[in-house]
Amino acid sequence: MRNAFVHSAIYGVCVKEEIFVRNIDNILK
39 MRNAFVHSAI YGVCVKEEIF VRNIDNILK
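First residue of the sequence shown: 39, per the working numbering; consecutive thereafter.
These are computed hints drawn from the structure, not numbers from a lab.
Glycine included, each C-beta is placed from N, C-alpha and C at the ideal position.
Each hint should be verified, as a subset may be incorrect.
[As the list claims (entries may be wrong)] Beta-carbon label-pair distances, calculated as ranges:
(1) R40 to K67: 39 to 45 Å
(2) I62 to A42: 29 to 35 Å
(3) A47 to K67: 30 to 36 Å
(4) H45 to L66: 27 to 33 Å
(5) V44 to N64: 40 to 46 Å
(6) I65 to V44: 30 to 36 Å
(7) N64 to F43: 30 to 36 Å
(8) N61 to N41: 38 to 44 Å
Make the full structure from the sequences, and use the hints.
Right, dumping it as structure tokens:
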């Protein structure tokens with residue numbers, strides 16, 4: 039249970055980072 043929670047938390051952070059990077063990329067264009 040705790041393992042799944044950690045994995046979902048890490049996945050959530052990765053998704054946020056991906057969106058953040060894409061937003062910066064669009065702004066720089």
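Do the hints match the structure? See the list:
1. R40 to K67: 39 to 45 Å: Given about 41 Å between the Cβ atoms, the range holds.
2. I62 to A42: 29 to 35 Å: 31 Å, holds
3. A47 to K67: 30 to 36 Å: 31 Å, holds
4. H45 to L66: 27 to 33 Å: 32 Å, holds
5. V44 to N64: 40 to 46 Å: 31 Å, violated
6. I65 to V44: 30 to 36 Å: 32 Å, holds
7. N64 to F43: 30 to 36 Å: 32 Å, holds
8. N61 to N41: 38 to 44 Å: 31 Å, violated
Of the numbered hints listed earlier, those contradicted by the structure are 5, 8.
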